[in-house]
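Engineer: Put together the whole structure using the sequences plus the hints.
So the sequence shown is residues 1 to 127, counted in full-length UniProt numbering.
Since the hints were made in silico from the structure, they are not lab data. In this text, all values refer to a predicted model and were calculated from it rather than measured experimentally. Glycine is no exception: its CB is placed at the ideal position from the N, C-alpha and C atoms. Keep in mind that the hints are not guaranteed to be accurate.
Computed spacing ranges between beta-carbons, pair by pair [stated by the list, open to error]: (1) Ser99 - Arg60: 25 to 31 Å; (2) Asp72 - Thr50: 16 to 22 Å; (3) Asp41 - Gln9: 27 to 33 Å; (4) Pro113 - Thr50: 32 to 38 Å; (5) Asn2 - Phe114: 24 to 30 Å; (6) Glu51 - Arg8: 30 to 36 Å; (7) Arg60 - Thr108: 17 to 23 Å.
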Amino acid sequence: MNRDNIDRQAILNEVTAAFYRYEQALVSNDVEVLDELFWEDPRTVRYGATENLYGIAEIRAFRQGRSPKGLDRTLRNTTITTFGEDMAVTCTEFTREGSESIGRQMQTWVKFPFGWRIVAAHVSKMG
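Structural biologist: Below, the structure written as structure tokens:
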């Protein structure tokens, strides 16, 4: 891939906006927006800290059954990299008040005609 197609500012701005929209929906437990931002497809995968979810149906069921408490977190070391006009990877670490654990989140985003969607995600904790 031509380096000129990596992190083009307009595309980076789009993905950054989608990433922080997801983050706001996550900490406020806005399940409708969370569901919207994941690709509606059985091939979508989300590996969580305690669960492996295959397909949008499992991801939605997880979101519906999750407690809305304790979702606030502080992000750090966030990187967002775009490749061309329709693919991006986001990586971040996070901490939660009252915990010394460091969480990690990686997402692969793809731009469809209907907008940016997460096609794969991985969340894990250190310590």
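Engineer: For every hint, state whether the structure bears it out.
Structural biologist: Results for each hint:
1. Roughly 27 Å separates the CB atoms of serine 99 and arginine 60, a value that falls within the hinted 25 to 31 Å.
2. Roughly 19 Å separates the CB atoms of aspartate 72 and threonine 50, a value that falls within the hinted 16 to 22 Å.
3. In this structure the hint that aspartate 41 and glutamine 9 lie 27 to 33 Å apart at CB holds, the actual value being about 29 Å.
4. Between proline 113 and threonine 50 the beta carbon distance is about 34 Å. The supplied range of 32 to 38 Å therefore holds.
5. At roughly 27 Å, the beta-carbon separation of asparagine 2 and phenylalanine 114 lies within the given 24 to 30 Å, and the hint holds.
6. For the hinted restraint 30 to 36 Å between glutamate 51 and arginine 8, the CB-CB distance of approximately 35 Å keeps it satisfied.
7. Taking the beta carbon of each, arginine 60 and threonine 108 are about 19 Å apart, inside 17 to 23 Å as hinted.
Hint violations for this structure: none, all hints satisfied.
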